[in-house]
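Participant: Place chain Z on chain W using the hints.
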Amino acid sequence: MQLKEIPVTGIPYDQIKIEKVPAAPEYCERPAELIPSANRAVVINPNRTCMPLGAMWAVLGVRKAIPFVQGAQGCTTYVRYTFCRIFKEPAVIATASFHEDAAVFGGRRNLVEGIRNLVVRYWPELIGVVTTCSSEIIGDDMVSFIKMARANLRKEIGPEKADRIPIVLVNTPSFAGSHVEGYDRASRAFVETLATTKGEPNGKVNIIPGLFYPGDIREIKHLLRHMGVEAIVLFDISDTLDAPLEPPMSVPYYPPGGTAVGEIRDMANSLATFALQPHAGQAGARYLERKYGVRAVVGPPPVGVQGTDAFLKALREITGKPIPKSLLQERGRLVDSLADTLHHTMMKKVAIMGDPDIVLGVTRFVLEMGMEPVALAGGTASKTFVHDVEAILAEAGYEGEPPLIINGGDLFEFEEYLKKQPRLDLIIGNSRAVDISRELQVPLVRVGFPIYDRFGYQKRPIVGYRGGEMLLAEIVNSMLDYQYPDDRTQQL
Amino acid sequence: MKIPIDVIPERAGHLEVVEIPACDRRTLPGVVSQRACLLYGARWMLAAIRDAVHLIHGPVGCAYYSGTVRKKNYRVFSTALGEKEIVFGAGQKLEDAIREAVSLRPRSSAVLVYTTCAVGLIGEDVEAICKRASASLGLPVVPVNCPGFGGVSQGKGHDVAAAALLEHFIGRAPAGPPLENSVNILGEFDVQGDLKEIEQLLQRLGLNIICAVSGRATVENMARAHRAGLNIVHCGRTGRWLARKMEERFGIPWRKVSFFGLAETAAALQAIAAFFNRPREAAWVEKEAEASRQRALPYLRRLAGRRVALFFGASRMGSMARAFGELGMEVVLCGSQFGCREDYTESRCCLGRGTPMIDDAHQRELEEFLHRYRPDLLVGGTRERFMAHKMGIPFLVFPQETSPYAGFNGFVNLAREVAALVGAPVWRLGNNGFMREEGEEMVASKYSVKPL
Numbered sequence: 001m002q003l004k005e006i007p008v009t010g011i012p013y014d015q016i017k018i019e020k021v022p023a024a025p026e027y028c029e030r031p032a033e034l035i036p037s038a039n040r041a042v043v044i045n046p047n048r049t050c051m052p053l054g055a056m057w058a059v060l061g062v063r064k065a066i067p068f069v070q071g072a073q074g075c076t077t078y079v080r081y082t083f084c085r086i087f088k089e090p091a092v093i094a095t096a097s098f099h100e101d102a103a104v105f106g107g108r109r110n111l112v113e114g115i116r117n118l119v120v121r122y123w124p125e126l127i128g129v130v131t132t133c134s135s136e137i138i139g140d141d142m143v144s145f146i147k148m149a150r151a152n153l154r155k156e157i158g159p160e161k162a163d164r165i166p167i168v169l170v171n172t173p174s175f176a177g178s179h180v181e182g183y184d185r186a187s188r189a190f191v192e193t194l195a196t197t198k199g200e201p202n203g204k205v206n207i208i209p210g211l212f213y214p215g216d217i218r219e220i221k222h223l224l225r226h227m228g229v230e231a232i233v234l235f236d237i238s239d240t241l242d243a244p245l246e247p248p249m250s251v252p253y254y255p256p257g258g259t260a261v262g263e264i265r266d267m268a269n270s271l272a273t274f275a276l277q278p279h280a281g282q283a284g285a286r287y288l289e290r291k292y293g294v295r296a297v298v299g300p301p302p303v304g305v306q307g308t309d310a311f312l313k314a315l316r317e318i319t320g321k322p323i324p325k326s327l328l329q330e331r332g333r334l335v336d337s338l339a340d341t342l343h344h345t346m347m348k349k350v351a352i353m354g355d356p357d358i359v360l361g362v363t364r365f366v367l368e369m370g371m372e373p374v375a376l377a378g379g380t381a382s383k384t385f386v387h388d389v390e391a392i393l394a395e396a397g398y399e400g401e402p403p404l405i406i407n408g409g410d411l412f413e414f415e416e417y418l419k420k421q422p423r424l425d426l427i428i429g430n431s432r433a434v435d436i437s438r439e440l441q442v443p444l445v446r447v448g449f450p451i452y453d454r455f456g457y458q459k460r461p462i463v464g465y466r467g468g469e470m471l472l473a474e475i476v477n478s479m480l481d482y483q484y485p486d487d488r489t490q491q492l
Numbered sequence: 001m002k003i004p005i006d007v008i009p010e011r012a013g014h015l016e017v018v019e020i021p022a023c024d025r026r027t028l029p030g031v032v033s034q035r036a037c038l039l040y041g042a043r044w045m046l047a048a049i050r051d052a053v054h055l056i057h058g059p060v061g062c063a064y065y066s067g068t069v070r071k072k073n074y075r076v077f078s079t080a081l082g083e084k085e086i087v088f089g090a091g092q093k094l095e096d097a098i099r100e101a102v103s104l105r106p107r108s109s110a111v112l113v114y115t116t117c118a119v120g121l122i123g124e125d126v127e128a129i130c131k132r133a134s135a136s137l138g139l140p141v142v143p144v145n146c147p148g149f150g151g152v153s154q155g156k157g158h159d160v161a162a163a164a165l166l167e168h169f170i171g172r173a174p175a176g177p178p179l180e181n182s183v184n185i186l187g188e189f190d191v192q193g194d195l196k197e198i199e200q201l202l203q204r205l206g207l208n209i210i211c212a213v214s215g216r217a218t219v220e221n222m223a224r225a226h227r228a229g230l231n232i233v234h235c236g237r238t239g240r241w242l243a244r245k246m247e248e249r250f251g252i253p254w255r256k257v258s259f260f261g262l263a264e265t266a267a268a269l270q271a272i273a274a275f276f277n278r279p280r281e282a283a284w285v286e287k288e289a290e291a292s293r294q295r296a297l298p299y300l301r302r303l304a305g306r307r308v309a310l311f312f313g314a315s316r317m318g319s320m321a322r323a324f325g326e327l328g329m330e331v332v333l334c335g336s337q338f339g340c341r342e343d344y345t346e347s348r349c350c351l352g353r354g355t356p357m358i359d360d361a362h363q364r365e366l367e368e369f370l371h372r373y374r375p376d377l378l379v380g381g382t383r384e385r386f387m388a389h390k391m392g393i394p395f396l397v398f399p400q401e402t403s404p405y406a407g408f409n410g411f412v413n414l415a416r417e418v419a420a421l422v423g424a425p426v427w428r429l430g431n432n433g434f435m436r437e438e439g440e441e442m443v444a445s446k447y448s449v450k451p452l
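Residue numbers (UniProt numbering), protein chains in the order written: chain W, 1 to 492; chain Z, 1 to 452.
So that you can see chain W by itself, here it is in the shape it has in the complex (with noise of 0.2 Å):
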């Protein structure tokens, strides 16, 4: 279904329509040996973006916070427009703003400058500073740097106001890793800097969520709820990155919610700490597991059947709490629909791109619906990803041809693969996989990061019972959108 005409005077949709750049006119042959990005220098299309937006995502995560990017304006400007294109709400990211100066001298005067213009015009109750590329090839001493602006800040605004404001310093060179790693770094710089003292146990555990949406986040504060734990998510976007519309507003205006600096301090006191996404947020977990002995319970993504109930036995387990009737039912409302759909899921070819968590995630629910994965593309390459997504096939009993896994490559050797797959019935990834999905005439379901095409999904959870509802939904539908015609799909 296409809309020819748009609603107002003027062209035609088809003839305004957004184009896709063919890699060639039409389809050619490509050379076999340059389609694994493993042979070649170049990348086409790449499937993760660099570190300083993790860092940058988890700092919007804490309240009245404000990254502070130690970098070229682009840096900030491509970020911001990034999470407000995925989230529809405005992204407060402040920029060292560094030209040729900073780069011929370093970046210490913006720092300085830059943290004191921040805090006299935005007051926040905390400030991220997060690297880039350029500040790294410099090699800006940032940490003599951040005590030269705090000592600048106690001269202006006095040492008592100056102290208040935490400045925590994440690493993040965008030569190296990927988006995933700049969370995962930014959640160990958080519990070091601010976690410092163990004290009293707080008999709550802690949840270091990931690339998780603020749908996703509240689905697992609701798991909580039921079970009766109390807990500190760590980088809690769920409020702060969709908040409400309530004019008017006092400036400088901050978001509701997300993570207390206090709350974060409290952190080594907890039962645990679960690192939902494997590889972003593990860092912080394990950091604390050495440091104070606060257990680290690392994944798996609680997506799916299997996935949640790996969480809530380990919350069982920590806390000692049972699971409750009402947690039962909805696992039990998920299976009904995993069984009242299983014809339609079950032996569709599926590939899937993204994080390697949501993949790993994903995969396994895919299988729990009897689906053939083709493909999977995880584009940060990791140590375990490859070794993961085998175990995953192995516990399912998958007896079906392997699937390509693809361990960091870009989408140009997703799609060249799947133009050769003689039947996919689905591609589950985020936005970056439209135009693949469109060219192969194979409908896709979007999940993970970036999703800014559609409306509505970083409010849609995709964990827990309740999100696997929703997103096995959101598979059948748009299967059946593509692959049925209307007097076929009646009764269903």
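Fair warning: there could be bad hints in the mix.
[Unchecked claim] Taking lysine-lysine and the BS3-like style, the derived pairs with C-alpha atoms no more than 27 Å apart in a straight line are:
| hint | chain 1 | residue 1 | chain 2 | residue 2 |
| --- | --- | --- | --- | --- |
| 1 | W | Lys313 | W | Lys221 |
| 2 | W | Lys321 | W | Lys204 |
| 3 | W | Lys88 | Z | Lys72 |
| 4 | W | Lys459 | Z | Lys72 |
| 5 | Z | Lys287 | Z | Lys196 |
| 6 | W | Lys459 | W | Lys204 |
| 7 | W | Lys198 | W | Lys147 |
| 8 | W | Lys313 | W | Lys204 |
| 9 | W | Lys459 | W | Lys64 |
| 10 | W | Lys64 | W | Lys88 |
| 11 | Z | Lys72 | W | Lys419 |
| 12 | Z | Lys71 | W | Lys88 |
| 13 | Z | Lys71 | W | Lys459 |
| 14 | W | Lys459 | W | Lys325 |
| 15 | Z | Lys196 | Z | Lys71 |
| 16 | W | Lys459 | W | Lys313 |
| 17 | W | Lys419 | W | Lys349 |
| 18 | W | Lys383 | Z | Lys93 |
| 19 | W | Lys221 | W | Lys459 |
| 20 | W | Lys147 | W | Lys161 |
| 21 | W | Lys383 | Z | Lys84 |
It is worth saying that the hints were derived from the structure and are not from the lab.
Facilitator: Positioned in the frame of chain W, the structure of chain Z alone reads:
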């Protein structure tokens, strides 16, 4: 006259109510700037050139973000530099990447190599590598030197891109007599079909567009661009420099016009017709403008006296301010992220004294302005949009997302969309919730939104 909002002392002069604001200066570090970098500017200018390979030479993030320009997706190639290259040099990787990119996309006519901060800092001789690659591949491999920290804003990126186009693409075909009735449009990006609207109008004057830089620029049509009779400059920031250079080099005269708003469009078409010495062929222009005004009239009635604040890229300030004037709206703020003196002077003329003009405003200043003035509409880019929404203020994205705003049809679209936006129920719902009913005083009710 009083400056309407608090500005940090270091930014004095960037906000003026009578004069031209200070501009083309560095952004203060630490403020939440709305500006972007050189690479952003260069991509904005060059992304639409479709028969070239676009290779971002830098870390993978720069390529990832460069995949989207003006809400369109593009295929990007990248060298995705890692720690190894940062330490030991990225030259070999760039050479390999160029060769592989061309072999994977064999029908390309050129390669554009964008440099980034990382490459600028490690100091590779990208130019030499491109020259070598160009010789061995037999097609232009063009360096676009745009490390993010260069210049003060994305504006410089436009300049770098324009220079690259002039140097390597424009007028590369053999010289020849001017093609009859042919024009180029410089600084037109074909947002949501704008170019098509403009083209239809020009066709009625009997004119053809050879190339539009860069909404419809290909390596092939840029090569022929030197044979146009006239260069039409639409966006001044990106087009004016190119027009001057093309005049110097190829003797092509140019006119700066605007196709936003009825009066401007009509004036533009008449000026163009006059240039080609055929004023009679423009006889329909006035009539067409009037007809469009009639079509827009129902919306104009709803917009009369409403207050609009404009904040977007540089040289469209003036012409958009006029277009909003034609909608019957009062422009209460005119600002830009990276305007130059010329842009501000031009828009000051159509604003009059007392209207604040602001250069390089940051988030806090815009917030404060919206909070105190509560205009009926803010026009700007995506990053300002959601801030305005949180304050309950209608927002129009420009460059637009729905339909063309250029030309006569475009004006009707603009009127209709602005009227629908400003009058939409959501703003009332946002402002008069339960609080009013329960008699609770709202925090800043003296700035309440005008009832509809």
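Participant: State the violated hints by number, sorted upward, taking the hints as numbered earlier in the document.
Facilitator: none
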